[in-house]
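Residues per chain are reported as follows:
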Amino acid sequence: MNSEAGFRRLPGTRMLLALLLAPAWVTADEPTWRTVEQLTAEEQALFDPAAETPRDAAIPYLPAEAYPFSAPYTAEEMGYRSAEFPHISRWTHSLIDVFGVITSTGYINQGMGVSYVEQTTGPGLDGYMRGLAAGDVHSKWLIYSKFPPETEAEQQLWLVYRTDPKVTTKMDFFVYSPAMRRVRRQPQPRRDQRFPDNAQTFDDVIGRDPWEMDWKLLGVDVLYQTVRYPGTRPTITLNHGNQGFVEENTAAIRPMGSDYAHYRADGGVDCWVVMGTIKPELVPDYNEKFLIFWLDKAHFYPLRTEKYDHDGNLMMVEVRNARHENLAREGFGYSAHNTVYWDIQHDIMSYSFHDGHEPVTWTEEQKGMLFTPEFMRRQWLVKPVKSLSLVENPDHYFLRPHLDREKFPEVRKISLPPELEARIAAQESAGHLVFDEGSASAGGQ
Amino acid sequence: MLSRVRLLCASGGLCLSLAAFSTAQADLMSTVDRSMATFNPAGKYVRKPIERAVPRLNFRGAFRQWGDVLIDTDDQVGFRGQDFRFAQLQNLLELEMSYQLGPGLELNAVTHALYDGVYDWQSSAALYADRDDRTVELYDDAERLMRELYVSYRRPGFDLLLGKQQVIWGKMDGQFIDIINGMDRREAVQLETEDYELRRLPTWMANSTFHFGRNSLQLLYIFDFEEDRQARPGTPWHSPAIPPPNALGQIILPRVGPQSSDFDDHEFGMRFDRSAGALTYGFIYAWLWDKNPVGHVVGTTNDGTSTLVNLQPRHERLHHFGVTADYATTLTDIPLVGALPSVFRVEALWTKGVRFQDYTKVEAARLGADTDGTAQHDTLRMALAAEFGLPHNTTLIFQPSLYYTFGWNPSLGYAFGGGIGDEWTLIPVVYVARPFAFSRDRLSMNFTAFPVVSGPDKEWQGIKTKLRVKYKFSQFISTQLVYNGYDAGRPNEFYGQYDEWDNIGWELNYEF
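Protein sequence lines correspond, in order, to chains A and B.
Heads up, the first sequence is in our numbering, so the first residue is 1 and it goes up one at a time.
Heads up, the second sequence is in our numbering, so the first residue is 446 and it goes up one at a time.
None of these hints come from the bench; they were simulated from the model.
Just so you know, even glycine gets a beta-carbon here, dropped at the ideal spot from N, CA and C.
Careful: at least some of the hints might be erroneous.
Said to hold, decoys possible - Covered stretches of chain B (in silico footprint by chain A; criterion: 3 or more residues with CB under 8 Å from a CB of chain A, positions within the stretch not fixed):
#, region
1, 472–485
2, 561–571
3, 654–666
4, 754–766
As the list claims (entries may be wrong) - Restraint ranges, calculated between C-beta atoms of paired labels, are given here:
#, chain 1, residue 1, chain 2, residue 2, range
5, B, F603, A, A265, 41 to 49 Å
6, A, E150, B, A831, 20 to 28 Å
7, A, R190, B, A831, 36 to 44 Å
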């Protein structure tokens, strides 16, 4: 397996840790994944295979059963629960978003932005679905650039709307340029369009509404590793809760964080594997035909997401390391701490670190002040948040996620060009990214 | 013309070289490119450890190195020598710090260290200004080194910035309402919008802004005065059209300027802004000293052969009234481009009672008439700008700018806001810029043309053209090559006087 190569080069204490955690999956022939037909009795008791369920009387595109539902869960209900956890958490908070992208030749672009998030309704998906009408602003994000130096003090204000099958405008978007001392309102980007030279699309950041997809359970799986650190980056400096910097051993970072109570004895995370097929009548001409989600069984947290095109080919893999950032929200308080996006077609890999995450309660005065286009002109970073988690060297960049080609082959069509296969092989052999030289990549990307 | 042929030959040679680039070189370039992407030693070994050790401190810096090489030189141009090749060889280190003292309370500092090698690194008799004013070569006093130093106190409805700072009221090329701070104009006609941030002369003041809804009201109390610093004699950009004082039969006395210790000399300004959706607009009023003094005749001196006038440079107190507006929209159904994101801007400033030197009166004073040799006239300067976001990330800006002197007559000199040696001057600036997708937008190019026409006297005063090619090695390091040309116009006209100052420049920026 790909993972073996990643661990083979671990030195010293990390090798010991790897041995202690050594799960059956490393060497056993027994697959970690099973189809719906192979569910255990316990899993069958948690799964409702019904494809048609009663609808809500007031909002007919929602299931009638009260959110967050109760077991047994339909595939649709699992999809709704996973929508609890988009890239930006559904509660008021502040953080610093550290992000970057690397090309196959090793050229890195990175950035950092202090982000303030305000929810106009109660936290969580329920507040989004039932707390306000379609067309109302649901969430407000103010982002203040801190890196690179050339973009320092540039700001963005995202006003995110509650949408429904008829009201589809996702957001208003303002940017502030300190050089021009001017705020500009920008048109909303296409939902399925990648950001320039990036692996993420607009929807990857803002999230997709669960009613825009038809849901189907593919089976179950066990995930042991999501985001993969290279052997060249043994530690990382993080700012947990904006309480100061701590050095963490990257080999010890686990997919659901350190306080997750549902790890298997072998260290894995039990997951439902769910397929969401885009409804063309609601989202016409969408680039992605379907997505496959690996949802942890305890909270339906999406640890891995794959996107497929209309020919059924794998387009993009997103893997996350989550952290329990909002303890008050218990199982709903997990947040995307570290996410890696791998665009297969262009072999571009983006990452996002949500460092210094701190749930906050903005005062009424702050709400009225912070989340307006006018405020950006003041260039006032009300609540500083710092991070030291930038990648300092291309060799320290995250590895491409595992492809796990053997899993669910009926629906997972993975076809890679030979040069990408060669890069992956080189990565697995070296334990870190191995880059193309200029002559090899000419014309690529 | 010869210089342009050379330029074309050089460009052709570069293209041939690129075509012959071998695979090995491409691989080497790729390796270099990858290394450059994260090459940030000051960030890694200075900024990061400092910010980690002092969590409340934000620290950043930049090093800039830039130079201009004159394409041709002449021993003598107009009233000055031009025996030098480098018009700039400047090295600037900027450090910026802000320390959070408490919620909403910060101490901010910006320091500048500048060294211009044009006086040391070439042999020239025409460049001697560093003997009289060291700051043209090296920032060696606290005033220049400690560029900004202020405390900011911010509450939801109120900002107060107290200390040495720069206030930017306008952003258009030509400084229409950007009138608060003085400017280091050592580059004369080559000073442009992107230089203002580095060239403004920060001033000690109290700067408060009240915010209420979509409105804001800014009040300035300025208790310090910084005059403009023009390209003085003995500097590379000193005007060749200005004769020495003795050639004009003048004796220039020491300047009389406002005193920070005298309350009556302090300055005031206010600005109101309002945003209404895509439209933002604002009004300004300021009671400021003219940043440039005008020579008043205070007497005459007979040297035995002729009568010389004694001129004392004095600053005039001015009332400024201004307006600014900014409207962003997307035009639809435009032929060839479809949707067209557009921004329209206007900045205008009417200034009352600007003091001009009146050469007829100066001559009358020389003959014994009771006059100080000056006259007062109102001036108007304004610009309209239309900015269009064309396909392929191409930006087009068209900015007609007008300068007008009320009650103008041919014996007036140049003064704040008015036509350039004429009743009116029109500069229709054209700017085109685009990045190149094949380079991931790291390579970009822009072109600017500044034609100057005026009336009723001078008509055509020349054109300045600027072609800039910029390449970003990384997020930290960028470089650019710039061609500046000054063409047409007579030797005593705005751009015409710099006809021999065509130059090629480079710039290297490292930000950390």
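Query - Structure-inconsistent hints, enumerated in ascending order - result: Numbers 2, 4, 5 and 7 - these are the hints that the structure violates, sorted from lowest upward.
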